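For chain A, the structure is supplied; the task is to place chain B on it using the hints.
One letter stands for each residue in the lines below.
There are 2 protein chains.
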Amino acid sequence: MSFALTILGSSGALPAYGRFPSSQYLTIQNRHFLIDCGEGAQMQLMKYQIPVHRINHIFISHLHGDHYLGLVGLLFSMHLQKRTADLHLYSQKGLDEIILLHLKYSKSTLNYTIQFHLFEPDQPVVLFEDEALTVETIPLIHKLPCAGFLFREKQKPFKIDKQKLLPDMKLQHIVLLKTGADVYDDRQNLLYRNSDFTLPPTPSYSYAYCSDTAWNESMITQLQNVTMLYHEATFMEDERNKAIETKHSTTLDAARMAQQTHAGKLLIGHFSARYRELEPALAEARTIFANTELAIEGNTFELSV
Amino acid sequence: MSFALTILGSSGALPAYGRFPSSQYLTIQNRHFLIDCGEGAQMQLMKYQIPVHRINHIFISHLHGDHYLGLVGLLFSMHLQKRTADLHLYSQKGLDEIILLHLKYSKSTLNYTIQFHLFEPDQPVVLFEDEALTVETIPLIHKLPCAGFLFREKQKPFKIDKQKLLPDMKLQHIVLLKTGADVYDDRQNLLYRNSDFTLPPTPSYSYAYCSDTAWNESMITQLQNVTMLYHEATFMEDERNKAIETKHSTTLDAARMAQQTHAGKLLIGHFSARYRELEPALAEARTIFANTELAIEGNTFELSV
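Chains A and B, in that order, are what the protein sequence lines are.
If you read the first sequence in the numbering used here, its first letter stands for residue 1, the second for the next number, and so on.
If you read the second sequence in the numbering used here, its first letter stands for residue 1, the second for the next number, and so on.
Because the hints were derived from the structure by calculation, they are not lab data.
Accuracy of the hints is not assured; some may be wrong.
One copy or two, it doesn't matter: identical chains are merged, so the pair holds either way.
Said to hold, decoys possible - Below, a list of computed lysine-lysine pairs in the DSBU-like style, where the Cα atoms sit at most 30 Å apart:
#1 K242 / K93
#2 K82 / K242
#3 K107 / K93
#4 K242 / K47
#5 K107 / K242
#6 K82 / K143
#7 K107 / K247
#8 K247 / K82
#9 K143 / K107
All values derive from a computational prediction rather than experimental measurement.
If we strip away everything but chain A, and leave its shape as in the complex, we get:
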């Protein structure tokens, strides 16, 4: 699975009906990310047989407990499982101090290093970049400063159409063709037109995680054409006043955001403890955005051609 998201927790601030607080596991081209880490995330990772040692990057949207209280337990468990690789933690200021205080009172020294990457959530900022993808923050509107995360694959290599390759072509030509360029072969004074030798690359996917937010006009541009959008939908539409008061969203807010960003798919989650059944929320969102799914525990959403 080159781009797959597994939901570990779908609950709002108060866990209910067996739902866990927010946490998601995202795999992109063999990179493994944890997004938020609510209480019990490590048990959920185990339940869904996700190897914890694979995770090298953890992103925390904000410092409400339901988004990070599973982190310290996970850090201790990584230590007990003999992790030695650096762990990169992306968070707002404060979480570093909290973690260090827990370590102090348990007289613990982890046998790996936590690299803290502290960010301010008020402007989009690139937190991570490598040859395959970028991760940038999405400023959200909530009671605490809060950021979502946008994971965006870079353009992938063009696929070489092997049947069309010429006997004289060299490896260096093929490498250049993969980038999408036309290639000039000076030995033979020939121009290899890219479109004659390649097939289009696999599409590049993107995933936006919007953890806790009121309706947020300002992110519409940033999230244009996102392949998959997770948007909190704490309340159904008949609780709009409650959503406004608590700076959360309704199902219809989430659906409208998917519509206005032209998202490929919408996932809704962070459900209030008042809802035992979630099908009504799903049905409501689908009245505006048909390709909506529930981001509930154990569901995996895979993006593929």
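Then chain B, alone, in the frame of chain A:
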């Protein structure tokens, strides 16, 4: 159920096989206690349909994460559930600072008061006393300073044998008979001998919780004749060296402690992640102490006549 214990977590430091870290819920004569509060304790309370608002006293044995990391989440949930009653928290120093730091960064003010009762774990000390029971600490031997908790019912009232009461006896005489005293009726110059009018009281029960400890000779006297003993048994006997190194106990340590304290029943828990199956540990403990049970999630142990 006037004296009942429900296990919320049975796992050692590293949760495994669906087991949760240490936490237990104890009810004695309509008082409701939480003992340790490992990660996920609030979800376990919900799973077993235990009303969280009933809990007014929480006892934390020590500051290893697997014994308290569920606490901050539970405190937030109590707040969200509109708790207003004071919550009494018994712990070593440090947990107060940790809780306050979490509250600071989430900009939260709880709508109830936490009364911190900080104790030193090196000597037995009475943490709680009312007309029905006492709770005292049990000094344990572990890598961090650590205390168990001994819950002990006071003697219960003698039962009045109603058929034997005399027509002339007054309420004040009956109240005195319930205390176990003989009563002199000066109006009639009569001595009511207690044994003529009462039946013995219901037995008084006790429960000792020994969370994390190496073999601990010094608690044998304190725990003599305890009705029910929970003793950690992180390892089986063939891992004795590991137990010594980590200051934990084996199944046989736990069984010998039950034997030497003349406990009525032994519960074992805090199982290492190396054990998928727990029946072998149970069988091993029973070779020394027959009345042993596994303290595993969802099991309730009730003491009654």
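Results of checking the hints against the structure:
no. : hint        : verdict
1   : K242 / K93  : within (29 Å within a copy, 39 Å between copies)
2   : K82 / K242  : between (45 Å within a copy, 16 Å between copies)
3   : K107 / K93  : both (23 Å within a copy, 13 Å between copies)
4   : K242 / K47  : between (34 Å within a copy, 27 Å between copies)
5   : K107 / K242 : between (43 Å within a copy, 20 Å between copies)
6   : K82 / K143  : between (38 Å within a copy, 19 Å between copies)
7   : K107 / K247 : between (39 Å within a copy, 15 Å between copies)
8   : K247 / K82  : between (41 Å within a copy, 19 Å between copies)
9   : K143 / K107 : between (34 Å within a copy, 9 Å between copies)
Against the hints set out earlier in the document, no violation occurs for any number.
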